[in-house]
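Q: Which chain is which? The protein sequence lines are A and B, in order.
Anchor point for the first sequence: position 39 equals 39 in our numbering, and the numbering is continuous, going up by one each time.
Anchor point for the second sequence: position 473 equals 473 in our numbering, and the numbering is continuous, going up by one each time.
Because the hints were derived from the structure by calculation, they are not lab data.
Glycine included, every Cβ here is placed at the ideal spot set by N, Cα and C.
Just to be clear, a hint being listed does not mean it is correct.
[As the list claims (entries may be wrong)] Where chain B lies over chain A, by a calculated footprint (3+ residues, C-beta under 8 Å): (1) 29-41; (2) 46-60; (3) 64-74.
[As the list claims (entries may be wrong)] Distance windows between CB atoms, simulated: (4) A:PHE49 <-> B:GLU276: 20 to 30 Å; (5) B:THR634 <-> A:PRO6: 52 to 62 Å; (6) A:VAL75 <-> B:GLU164: 50 to 60 Å; (7) B:GLU42 <-> A:ARG11: 46 to 56 Å; (8) A:ARG11 <-> B:ARG510: 23 to 33 Å; (9) B:ARG186 <-> A:PRO6: 33 to 43 Å; (10) A:ARG11 <-> B:THR634: 56 to 66 Å; (11) A:ARG11 <-> B:TYR522: 16 to 26 Å; (12) A:PRO6 <-> B:LEU325: 51 to 61 Å; (13) B:LEU542 <-> A:PRO6: 46 to 56 Å; (14) A:PHE49 <-> B:LEU542: 39 to 49 Å; (15) A:VAL75 <-> B:LEU673: 46 to 56 Å.
Residues per chain are reported as follows:
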Amino acid sequence: MGQPVPLSSLRPRERGRVVSIAGGWGAARRLMEMGILPGEVVEVLSNSFGPIVIRVKGVTFALGRGLASRVLVEVVD
Amino acid sequence: MRELLIGLAGSPNVGKSTLFNRMTGGNVHVANWAGVTLQRFEGVLTHGGVRLRIVDLPGIYSLSARDPGERIARDFIIRERPDALILVVDATSLEKSLYLAVSALELYGRVVIALNMMDAAEKRGIHVNAEGLEGRLGVPVVPISALKGIGIGKLLRAVMEVAEGRSGRKEPLRVDYDGLERFIARLERVLREGGLEGYPTRWAAVRLLEGDDALLEEISRENPGVADEALRLREEARRELAADPESLTISSRYELIEELLRENVRRVGLSSPSLEEALDSLLLHPMAGPLASISLIMATFLMIFTLNTGFPANIIMRAMGLGDLADLMESYSLTGLLGSLFDTLSSLLASTLRSLGLDDFSVGLISEGILGSLGTLLSFIPLLLITYMILGALQDSGVFPRAATSLDSFFRRFGLSGRSFFPAAVGLGCSVPAVVATRGLEDEEERILVGMTEPFIPCQARLIVLVAIAAAAFPEPLLQASLMLSIYLIGILMFLISSKLLRLILFGSRGAPELLMELPPYHVPSMRVVWWYAKANTLHFLRKAGLIIVLVGALTWLALNTGPAGYSGDLSGSFASMIGGLLAPALSPAGLNDWRIALALEAGFVAKEGLLVVFSSLSGTPDPVAAIRAMGMTPLRAASLALLMSFYVPCVATLSTILSELRRVKYVLIAVLMELSVAFLLSSLIHLIGSILGFD
Numbered sequence: 001m002g003q004p005v006p007l008s009s010l011r012p013r014e015r016g017r018v019v020s021i022a023g024g025w026g027a028a029r030r031l032m033e034m035g036i037l038p039g040e041v042v043e044v045l046s047n048s049f050g051p052i053v054i055r056v057k058g059v060t061f062a063l064g065r066g067l068a069s070r071v072l073v074e075v076v077d
Numbered sequence: 001m002r003e004l005l006i007g008l009a010g011s012p013n014v015g016k017s018t019l020f021n022r023m024t025g026g027n028v029h030v031a032n033w034a035g036v037t038l039q040r041f042e043g044v045l046t047h048g049g050v051r052l053r054i055v056d057l058p059g060i061y062s063l064s065a066r067d068p069g070e071r072i073a074r075d076f077i078i079r080e081r082p083d084a085l086i087l088v089v090d091a092t093s094l095e096k097s098l099y100l101a102v103s104a105l106e107l108y109g110r111v112v113i114a115l116n117m118m119d120a121a122e123k124r125g126i127h128v129n130a131e132g133l134e135g136r137l138g139v140p141v142v143p144i145s146a147l148k149g150i151g152i153g154k155l156l157r158a159v160m161e162v163a164e165g166r167s168g169r170k171e172p173l174r175v176d177y178d179g180l181e182r183f184i185a186r187l188e189r190v191l192r193e194g195g196l197e198g199y200p201t202r203w204a205a206v207r208l209l210e211g212d213d214a215l216l217e218e219i220s221r222e223n224p225g226v227a228d229e230a231l232r233l234r235e236e237a238r239r240e241l242a243a244d245p246e247s248l249t250i251s252s253r254y255e256l257i258e259e260l261l262r263e264n265v266r267r268v269g270l271s272s273p274s275l276e277e278a279l280d281s282l283l284l285h286p287m288a289g290p291l292a293s294i295s296l297i298m299a300t301f302l303m304i305f306t307l308n309t310g311f312p313a314n315i316i317m318r319a320m321g322l323g324d325l326a327d328l329m330e331s332y333s334l335t336g337l338l339g340s341l342f343d344t345l346s347s348l349l350a351s352t353l354r355s356l357g358l359d360d361f362s363v364g365l366i367s368e369g370i371l372g373s374l375g376t377l378l379s380f381i382p383l384l385l386i387t388y389m390i391l392g393a394l395q396d397s398g399v400f401p402r403a404a405t406s407l408d409s410f411f412r413r414f415g416l417s418g419r420s421f422f423p424a425a426v427g428l429g430c431s432v433p434a435v436v437a438t439r440g441l442e443d444e445e446e447r448i449l450v451g452m453t454e455p456f457i458p459c460q461a462r463l464i465v466l467v468a469i470a471a472a473a474f475p476e477p478l479l480q481a482s483l484m485l486s487i488y489l490i491g492i493l494m495f496l497i498s499s500k501l502l503r504l505i506l507f508g509s510r511g512a513p514e515l516l517m518e519l520p521p522y523h524v525p526s527m528r529v530v531w532w533y534a535k536a537n538t539l540h541f542l543r544k545a546g547l548i549i550v551l552v553g554a555l556t557w558l559a560l561n562t563g564p565a566g567y568s569g570d571l572s573g574s575f576a577s578m579i580g581g582l583l584a585p586a587l588s589p590a591g592l593n594d595w596r597i598a599l600a601l602e603a604g605f606v607a608k609e610g611l612l613v614v615f616s617s618l619s620g621t622p623d624p625v626a627a628i629r630a631m632g633m634t635p636l637r638a639a640s641l642a643l644l645m646s647f648y649v650p651c652v653a654t655l656s657t658i659l660s661e662l663r664r665v666k667y668v669l670i671a672v673l674m675e676l677s678v679a680f681l682l683s684s685l686i687h688l689i690g691s692i693l694g695f696d
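Assemble the whole structure, with the sequences as input and the hints as a guide.
A: Below, the structure written as structure tokens:
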């Protein structure tokens, strides 16, 4: 368990447990309602430039970089 | 007959539209939700002697009322109080799709849950205990397959039972919010004392603690004291629990869902989706992804183009010396076939009318003016139908969201999101379905922008005129191709730049919203779904734009064929040529001060092909290339005309579609003014530069 890092910094195939989501009513809530909740494990499928693609609760999402950088995760193996 | 109001709700990609079409059989009425550009679909079916009026609510993930779709769904449930609410969930992905169901059950008890894609779930080894879920949620849970039509009768019976109060919940569902409960109880007391009406008290208390701005605003209008108290309690809860109340409530709902699934779902031998992974590693690849997406969609559209007009296969065949084959392709393309059908009908009708003793004017008006405009209208149908079918198939297969993802960072530079790629690509075929395709854009501002700027992208009709102009002015195929390519590049560039500028001007500097989009599993598109989609949209276009196109078409015929001396049947003495004479001096900066060109541009307003028709009848040659040469086309004049023709104004069909989709005359005017000024500036600029360089 290391220091929390933004979800946007994870490499493909890496997984992170959500620690917290920064941002107001809009962004954070939208993410949480789609299942990207504190405690949830998120797997990164692809991450280069542009949106990152993640899998959470069995569903695949494309997530803009700005949104992804608000999600703080700790890397799990 | 007794009538029941039924709402149909569900998250995106759970098969809600398929179920809606399955139940209503495509017998659908389209209207708009008040105040937004989202469409309200209503369908009627009769079941056991009762009329069920089914309202298809927008696809949403929750009832938070943050975006127009969520607000519409929530207002519908609260204000219209449907006799029953069908909530569609995806049996293959229950964890995600049950969230909306739980949120809705907290608000409303008259719910039936349609457990869709049961067949697919069983195949993937997911077994769902519907009775178990039913027992826990207290409302009927009916396994169905909307696609195959399994379980629909049972679903309707359950809907009737809930509507008649024989099953379903009397009270909304209570989710256990643990530490937040005491704040909920306190706020409930405040709300009851404040005399809050119209909402279940517990639901309103939870929403207010979660920070629901829409609800708070509504309450503060009537009862500012209650609103202040709600805000204070929210702050207190946040402080004492050391967490945002909304993260607690959302987690609690997901905990309940996880518990439900632990008890009622068994998974055996899940197969690994390896093909999906392979496809995703291509389509989502940083370099190959955008290329693959663009090539895939372009290839599909080129196929549509060829079916419709013979282009571009005809050009390629001509270049290979296969002129006869190219002619054959053109005459057997859908546009060619429809065109010759209407020519035959028109002359048949004309001779019948003449034998009935009608004068030339009436014969002309009916057989050319009215029937001709009907022909223009109908010539859109194959194009629209096919475009919509491809569009539907790409959406239904899961390819489109991947393409939008991989192109997002490019479009973001211009204030748009990757989702805008789709209307832009459709625009290469026809601007009408392209403007309609802006419905796929989640953000209202982006939708308005693209609706106005998309007509910059040259459509097929303009392509036909462009090919003729290029061929008339340049003997060398290379120069022809460069002219056409330049126009396309300018058009696409103008689309992007004007989107960026308009966003700044109309909406301030905010960029496109960040992408947050589900990438549903790939699957083979269902022909039935694709057909429903194409049919509904094409009929919608005919109803909305049909009358305007026929009216403007008939009026244009009158302007072209009558003059101060009455019916002439001759262009040169017509009202239109007089107007052309008046307008022509305005074209002199572009080097096109010629009443015949002004006249052709007038006709091109109805449909861009109209330019060629006017040139042909003015010069008396049926060959459009020779007709344009007869107008005295130097290379410079050709370049100027190509620019002017491509951008001077969107055609009538496009403008009426912009109006019906964006619902503001203002947006139509902006679109026209923007195009008009770009067309004039560019064509004048090229004329100026060309003249300085010594061309004429």
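Q: Against the structure, test the hints numbered earlier, and report the numbers of the ones violated in rising order.
A: Hints that this structure does not satisfy do not exist here, as all of them hold.
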